[in-house]
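Peer 1: Take a look at the letters that make up each chain.
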Amino acid sequence: MKLPIFMDNHSTTPVDPRVLEAMLPYFTTHFGNAASRNHSFGWTAEAAVEAARAQIAALIGGDAKEIVFTSGATEADNLALKGVASFYRKQGNHIITVATEHKAILDSGKRLSREGYDVTYLEPAKDGTVSPEQVVAAMTDKTILVSVMHANNEIGVVQDLAAIGAAIKAKNPKCLFHSDAVQAAGKVEIDVEKMKLDLVSLSAHKMYGPKGVGALWVRRKPRVRLDPMIDGGGHERGMRSGTLAVPLIVGFGKACELALAEMDAEAIRLRALRDRLYRGITSQLAEVYVNGSMEHRLPGNLNISFAFVEGESLLMALKDVAVSSGSACTSASLEPSYVLRALGVGDELAHTSIRFGIGRFNTEEEVDFVIDLVVKSVNRLRELSPLWEMHQEGIDLSTIAWTPH
Amino acid sequence: MAYSDKVIEHYENPKNVGTLGKDEDDVGTGLVGAPACGDVMRLQIRVKDGVITDAKFKTFGCGSAIASSSLATEMIKGMTIEQAGTIKNTQIVEELNLPPVKIHCSVLAEDAIKAAIEDYKKKHAR
Ligand SMILES: Cc1ncc(COP(=O)(O)O)c(C=O)c1O
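As they're listed, the protein sequences go chains A and B. Residues in the first sequence are numbered consecutively from 4, following this note's numbering. Residues in the second sequence are numbered consecutively from -16, following this note's numbering.
Just to be clear, a hint being listed does not mean it is correct.
As the list claims (entries may be wrong) - Among chain B residues calculated to face chain A with C-beta under 8 Å, some are:
no., residue
1, 4
2, 20
3, 31
4, 43
5, 68
6, 70
Claimed, not checked - Derived lysine-lysine pairs resembling DSS-like cross-links, with alpha carbons at most 25 Å apart:
no., chain 1, residue 1, chain 2, residue 2
7, B, 106, B, -11
8, A, 106, A, 68
9, B, 105, B, 5
10, A, 379, B, 104
11, B, 71, A, 379
12, B, -11, A, 322
13, A, 68, A, 199
14, B, 31, B, -11
15, B, 31, B, 71
16, A, 322, B, 5
17, A, 379, B, -2
18, A, 85, A, 145
Simulated from the structure, these hints should not be mistaken for laboratory data. Idealized CB from N, CA, C, for every residue including glycine.
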């Protein structure tokens, strides 16, 4: 077993060697511009891009022609929200999304608010889920777009998009439905028809593809329109100009093909590893709390608060393991995770949270190593923690007059 | 973020971890910070003839907070309570090479020292 162990597969993933192999010829031999229509270099590149479109569309049950390549999901999210908001401005100015979305959605919403749009941020239930009833209740005759992420990047909670999509369209068939499916793609099934989706954001580097490429899937039947954010040569049906990054796109396509082919077996393997990690930790440590629904959850995700142990200090102890924390100390803002806050997790527990993201290249041996290290480190840090001592003495910490700073 | 070697050393081998009897007459206890802010320090001193003969701490917080309190207990041992009361957080920042985002950890350690002295003095006010 090699150290350090990478168990932060929600932040990014390594490129699968099979993906890299598919990409390599497109850097050197087949380096043509996919928009060059007048020679074989261009044709070869174009054919590769079209093949990738089909591979990507297949993962979500869409059509190859509906894929719009972007620089990543941040751009896809921006394009979905701002592009739709701008194009459908005459029909309405109301957009609904969720408080636990990625910043690419939340900050796009913020900008739209400043420009006169009305944005509703739904508060999820304690387990992180959003109900169809909740979405529909927020819809007005001005609502042009609902955006609900499929799986959350911190807590791995998976939303019931089929139920939400059906409810939205039952209330107003014209209201568009977008999902940031970055974390769900290749992990759980996505079917744009069953889910009645109109737009879907994807990113290659979360699914063992390269960084710097993503896509917005945009439904053609019935046709969904949007105003582009980048003008130029009119690539991607005018929705996103710019020379296509052919090697990255080829890798993205290959990554989708592999993810689809291996999804069912891999989900079983990941869930077994995740459950092993969960049992290993919870059977040996008291006062640990899972954040978010254990039932509606990505197979490889575990997000746990280790009460009385601050998250960054635990990360320091886990220096041979790459994981991440919702502790304020790990962010520049000095605020704990807004996702955990939205679930109603108190700040004192949010500071103690650790996110484990188990991925394709993690092994049982690694999980066992992590369990031992976590248990040892939490025990050591609790011996250092005045809060743990007070808790052991039966003192109710909420009765203390703390001095916030 | 990369930690300085000194922070890592104190984090991995913290000095003076422990608890003194908070009701004992010669012990002063400072408890500062808040769980909701992600750091709480408890620093305790034992005083004899105006001199700090022992110091203990426990800290809930990041590595820099643990290192700051560990260093603080080392610094004040053997000092008079007057000397200890003049310790500035900047001394801790310098010694541990704390980056700007971690300065609040040193402030908290300074506050913890002052709070422990205050508590001791209160016990002996009569
Ligand atoms: C849910 C979600 N949406 C969007 C993004 C942004 O994706 P990208 O890194 O491709 O811009 C991420 C990754 O951080 C994510 O987890």
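Peer 1: Give a verdict on every hint.
Peer 2: We went through each hint and held it up to the structure:
no.	hint	in the structure
1	4	violated, 13 Å
2	20	holds, 5 Å
3	31	violated, 24 Å
4	43	holds, 5 Å
5	68	violated, 18 Å
6	70	violated, 18 Å
7	106(B) x -11(B)	violated, 35 Å
8	106(A) x 68(A)	violated, 28 Å
9	105(B) x 5(B)	holds, 13 Å
10	379(A) x 104(B)	violated, 39 Å
11	71(B) x 379(A)	violated, 35 Å
12	-11(B) x 322(A)	holds, 16 Å
13	68(A) x 199(A)	holds, 18 Å
14	31(B) x -11(B)	violated, 30 Å
15	31(B) x 71(B)	holds, 23 Å
16	322(A) x 5(B)	violated, 35 Å
17	379(A) x -2(B)	holds, 19 Å
18	85(A) x 145(A)	holds, 16 Å
In summary, the structure is inconsistent with hints 1, 3, 5, 6, 7, 8, 10, 11, 14 and 16 from the numbered list given earlier, while agreeing with the others.
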